[in-house]
Amino acid sequence: MLSFLVRRVSLSLVTLFLLSIMVFLGGQVLPGNVGRAILGPFADQRAVDALNHTLGVDRPLLTQYWSWISNFVQGDMGTSYIFRSPVAPFVIDALGNSMKLAAVAFVLVVPIGILGGVVAALNLNRPLDRIISLGGLSVTVLPEFVTGIILILIFGVWLRWLPISAAWPRDAGFFTQLYY
Numbered sequence: 092m093l094s095f096l097v098r099r100v101s102l103s104l105v106t107l108f109l110l111s112i113m114v115f116l117g118g119q120v121l122p123g124n125v126g127r128a129i130l131g132p133f134a135d136q137r138a139v140d141a142l143n144h145t146l147g148v149d150r151p152l153l154t155q156y157w158s159w160i161s162n163f164v165q166g167d168m169g170t171s172y173i174f175r176s177p178v179a180p181f182v183i184d185a186l187g188n189s190m191k192l193a194a195v196a197f198v199l200v201v202p203i204g205i206l207g208g209v210v211a212a213l214n215l216n217r218p219l220d221r222i223i224s225l226g227g228l229s230v231t232v233l234p235e236f237v238t239g240i241i242l243i244l245i246f247g248v249w250l251r252w253l254p255i256s257a258a259w260p261r262d263a264g265f266f267t268q269l270y271y
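Sequential numbering of the sequence shown, starting at 92, is according to my numbering.
No lab work stands behind these hints, which were simulated from the structure alone.
Treat the numbers as computed from the prediction; the structure is a model and nothing was measured.
Think of the CB as a built atom: it goes at the ideal place given N, C-alpha and C, for glycine as much as any other residue.
Mixed in with the good hints there might be a few duds.
Claimed, not checked - Here are the simulated distance ranges between beta carbons: (1) L215 - L242: 23 to 31 Å; (2) V148 - R221: 53 to 61 Å; (3) I160 - P260: 35 to 43 Å.
With the hints as constraints, model all of the structure from the sequences given.
Structure follows, in structure tokens:
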């Protein structure tokens, strides 16, 4: 049991490390120059170089990664180059919406899954069992964004039961949020 736990924790740490490298490199491979993007295309090259030095984007990649991961572990997610404000409030705001969406999805999917499983079990090896199994398998193998687009198309565009906007108003109640 202990060896299993150690192996799982080790694999989790390796996964987190590789994920952090991917996230860091994802920001590094974006085209353009940070200083040039902030100061504009007509800024003096010396000003661009000075800003890049101040921001630390002219340092070696390994040094930048170490600084980035050290700050992240301490709770500092950095500053947005575009908005010139801390990134954490943007992440926290998006995380709140994501958690609400996940909770609503969980409340809807679990009963539907249980009901589908019971109906399929009661109709074992019959056409209804095969239809439910095929539907469940189809939803499982499709990427979430494809499933989301299909659901938006069905319920938002064709049936017009739900809005297709991005998020609900800030002062919306629970049922209004559920509608969105």
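Going down the list of hints, with the structure as the test:
no., hint, verdict
1, L215 - L242: 23 to 31 Å, "holds, 29 Å"
2, V148 - R221: 53 to 61 Å, "holds, 56 Å"
3, I160 - P260: 35 to 43 Å, "holds, 37 Å"
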